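J.: Got chain A; can you put chain B on it based on the hints?
Just so you know, the protein sequences line up as chains A and B, in that order.
If you're matching positions, the first sequence starts at 119 in this note's numbering and goes up one per residue.
If you're matching positions, the second sequence starts at 119 in this note's numbering and goes up one per residue.
No wet-lab data here; the hints were simulated from the structure.
Values in this document were obtained by computation on a predicted structure and should not be read as measured data.
For glycine and all other residues, C-beta sits at the position ideal for the given N, C-alpha and C.
Just so you know, not all the hints are guaranteed correct.
Said to hold, decoys possible - Below, simulated DSSO-like cross-link-like pairs (lysine-lysine); rule was C-alpha separation at most 30 angstroms, straight line:
no., chain 1, residue 1, chain 2, residue 2
1, B, LYS124, B, LYS281
2, A, LYS173, B, LYS173
3, B, LYS173, A, LYS311
4, B, LYS277, B, LYS173
5, B, LYS173, B, LYS281
6, B, LYS311, A, LYS311
7, A, LYS173, B, LYS311
8, B, LYS311, B, LYS281
9, B, LYS281, A, LYS173
10, A, LYS281, A, LYS173
11, B, LYS173, B, LYS311
12, A, LYS124, A, LYS311
13, A, LYS173, A, LYS311
14, A, LYS281, A, LYS311
15, A, LYS124, A, LYS281
16, B, LYS124, B, LYS311
17, B, LYS173, A, LYS281
18, A, LYS173, A, LYS277
Said to hold, decoys possible - Computed Cβ-Cβ distance ranges for the label pairs, DEER-style:
no., chain 1, residue 1, chain 2, residue 2, range
19, B, ASP282, A, ALA286, 46 to 52 angstroms
20, B, SER177, A, VAL176, 16 to 22 angstroms
21, A, ASP301, B, GLY197, 17 to 23 angstroms
22, A, VAL275, B, ALA147, 55 to 61 angstroms
23, A, MET186, B, ARG316, 18 to 24 angstroms
24, A, ALA150, B, ALA286, 43 to 49 angstroms
25, A, ALA286, B, ALA252, 41 to 47 angstroms
Letter by letter, the chains look like this.
Protein chains: 2
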Amino acid sequence: MLLSMKSPIDFYFDFSSPYSHIANEWLDALAARHGRSVRRHALLLGATFQAAELKSPVSHPIKREYSMHDFARSARFEGVVCRIPAVFPQPTQNAARVFWWLSETRGEPAAAAWAQAGLRAVFVHNVALNDAAALRNLATEHGLSADEAEAVWNDPVWKARLKDENDAAIAAGIFGAPTFVVDGEPFWGNDRKPQIERWLASGPF
Amino acid sequence: MLLSMKSPIDFYFDFSSPYSHIANEWLDALAARHGRSVRRHALLLGATFQAAELKSPVSHPIKREYSMHDFARSARFEGVVCRIPAVFPQPTQNAARVFWWLSETRGEPAAAAWAQAGLRAVFVHNVALNDAAALRNLATEHGLSADEAEAVWNDPVWKARLKDENDAAIAAGIFGAPTFVVDGEPFWGNDRKPQIERWLASGPF
Chain A
119 MLLSMKSPID FYFDFSSPYS HIANEWLDAL AARHGRSVRR HALLLGATFQ AAELKSPVSH
179 PIKREYSMHD FARSARFEGV VCRIPAVFPQ PTQNAARVFW WLSETRGEPA AAAWAQAGLR
239 AVFVHNVALN DAAALRNLAT EHGLSADEAE AVWNDPVWKA RLKDENDAAI AAGIFGAPTF
299 VVDGEPFWGN DRKPQIERWL ASGPF
Chain B
119 MLLSMKSPID FYFDFSSPYS HIANEWLDAL AARHGRSVRR HALLLGATFQ AAELKSPVSH
179 PIKREYSMHD FARSARFEGV VCRIPAVFPQ PTQNAARVFW WLSETRGEPA AAAWAQAGLR
239 AVFVHNVALN DAAALRNLAT EHGLSADEAE AVWNDPVWKA RLKDENDAAI AAGIFGAPTF
299 VVDGEPFWGN DRKPQIERWL ASGPF
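Just chain A, same shape as in the assembly:
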């Protein structure tokens, strides 16, 4: 089957989600092994959590301690560096607006590169993306104009686009991140990797 005949894997993530970071590191290679491309969607977990009446796992007593331990162990299991930053969870709407701006104006590969840069900034380099100076600096390191990036995240157009994308994700049944949609089938969580692999290798089960 030609690559172009297979639908892309839709990948919904939040820049502040450690399991999204881990999955983002293995997803492209897995997709490529099965002749698929990846279409990324930056979203705000704050919005999906509200719609599904959920909270972050680290907002729950007892579960918080387990989750902090599991983030690190799950990263080691995949051979990925993942260190929880000082500001965690952190607001990520500015980075997400820049993502959608890149997606719209420069295409999916540019948006995917920004997704990786932002997730690694948070989970490898302890960057707080809600800090304007830090996000401007990340944009510059990434070869963007810091002024242009800041104009984007303050622009009602890109604010509205992110809100529309969140609404569309919620309407599509997305309540958490990472979520993968393969051939219309939703898989929630970095830990659904084995099921996704089986689906890609041999179809619905």
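T.: Below, chain B alone, put in the same frame as chain A:
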């Protein structure tokens, strides 16, 4: 290394938890491949959810639909029959009290057999364990005296034992089911099977 030198795998489950049922079907074989035994702990998710300020996944809008789909898919992934019963979630304190009575008076293998019988009753045969007649019937089919079983689940001694076990689980950091504890390391969820397998095969990672 002798079998007796390796610590058992502690397995915390609720009779009303589909992921516990799925895991219960693969756990003994996995443990045996690595020279481990299994020590089961019946608990009430209602108690651990309250301690961790959580609710059942099916109590959340949007997440509910995904979860119902994922229960079935995750069961197929493991080759396990798992059908959500008409009464779901269902109160399981009576079945859990019988579990601890068997554990105390007849030993772990008798309790493990009851765990399997109860989970299969719920998730294969559509039994409501909170229905006294249905639970008496299950006890009889299982070779127990229905009258003795009913006396157990109404006995303050076994009510207190279950409460103590719930309190101990919560104190040990258990907030959901299934949870596995291997060499002191907690793994939450049927989907942690690959991590548990790696731990058993090659130790901490």
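J.: The structure should be examined with respect to each hint, and the outcome stated for every one.
T.: Hint by hint, here is what the structure shows:
{"no.": "1", "hint": "B:LYS124 with B:LYS281", "verdict": "holds (29 angstroms)"}
{"no.": "2", "hint": "A:LYS173 with B:LYS173", "verdict": "holds (11 angstroms)"}
{"no.": "3", "hint": "B:LYS173 with A:LYS311", "verdict": "holds (25 angstroms)"}
{"no.": "4", "hint": "B:LYS277 with B:LYS173", "verdict": "holds (23 angstroms)"}
{"no.": "5", "hint": "B:LYS173 with B:LYS281", "verdict": "holds (19 angstroms)"}
{"no.": "6", "hint": "B:LYS311 with A:LYS311", "verdict": "holds (12 angstroms)"}
{"no.": "7", "hint": "A:LYS173 with B:LYS311", "verdict": "holds (25 angstroms)"}
{"no.": "8", "hint": "B:LYS311 with B:LYS281", "verdict": "holds (28 angstroms)"}
{"no.": "9", "hint": "B:LYS281 with A:LYS173", "verdict": "holds (27 angstroms)"}
{"no.": "10", "hint": "A:LYS281 with A:LYS173", "verdict": "holds (19 angstroms)"}
{"no.": "11", "hint": "B:LYS173 with B:LYS311", "verdict": "holds (23 angstroms)"}
{"no.": "12", "hint": "A:LYS124 with A:LYS311", "verdict": "holds (19 angstroms)"}
{"no.": "13", "hint": "A:LYS173 with A:LYS311", "verdict": "holds (23 angstroms)"}
{"no.": "14", "hint": "A:LYS281 with A:LYS311", "verdict": "holds (28 angstroms)"}
{"no.": "15", "hint": "A:LYS124 with A:LYS281", "verdict": "holds (29 angstroms)"}
{"no.": "16", "hint": "B:LYS124 with B:LYS311", "verdict": "holds (19 angstroms)"}
{"no.": "17", "hint": "B:LYS173 with A:LYS281", "verdict": "holds (27 angstroms)"}
{"no.": "18", "hint": "A:LYS173 with A:LYS277", "verdict": "holds (23 angstroms)"}
{"no.": "19", "hint": "B:ASP282 with A:ALA286: 46 to 52 angstroms", "verdict": "holds (49 angstroms)"}
{"no.": "20", "hint": "B:SER177 with A:VAL176: 16 to 22 angstroms", "verdict": "holds (20 angstroms)"}
{"no.": "21", "hint": "A:ASP301 with B:GLY197: 17 to 23 angstroms", "verdict": "holds (22 angstroms)"}
{"no.": "22", "hint": "A:VAL275 with B:ALA147: 55 to 61 angstroms", "verdict": "holds (56 angstroms)"}
{"no.": "23", "hint": "A:MET186 with B:ARG316: 18 to 24 angstroms", "verdict": "holds (20 angstroms)"}
{"no.": "24", "hint": "A:ALA150 with B:ALA286: 43 to 49 angstroms", "verdict": "holds (48 angstroms)"}
{"no.": "25", "hint": "A:ALA286 with B:ALA252: 41 to 47 angstroms", "verdict": "holds (45 angstroms)"}
When held up to the earlier numbered hints, the structure conflicts with none and fits them all.
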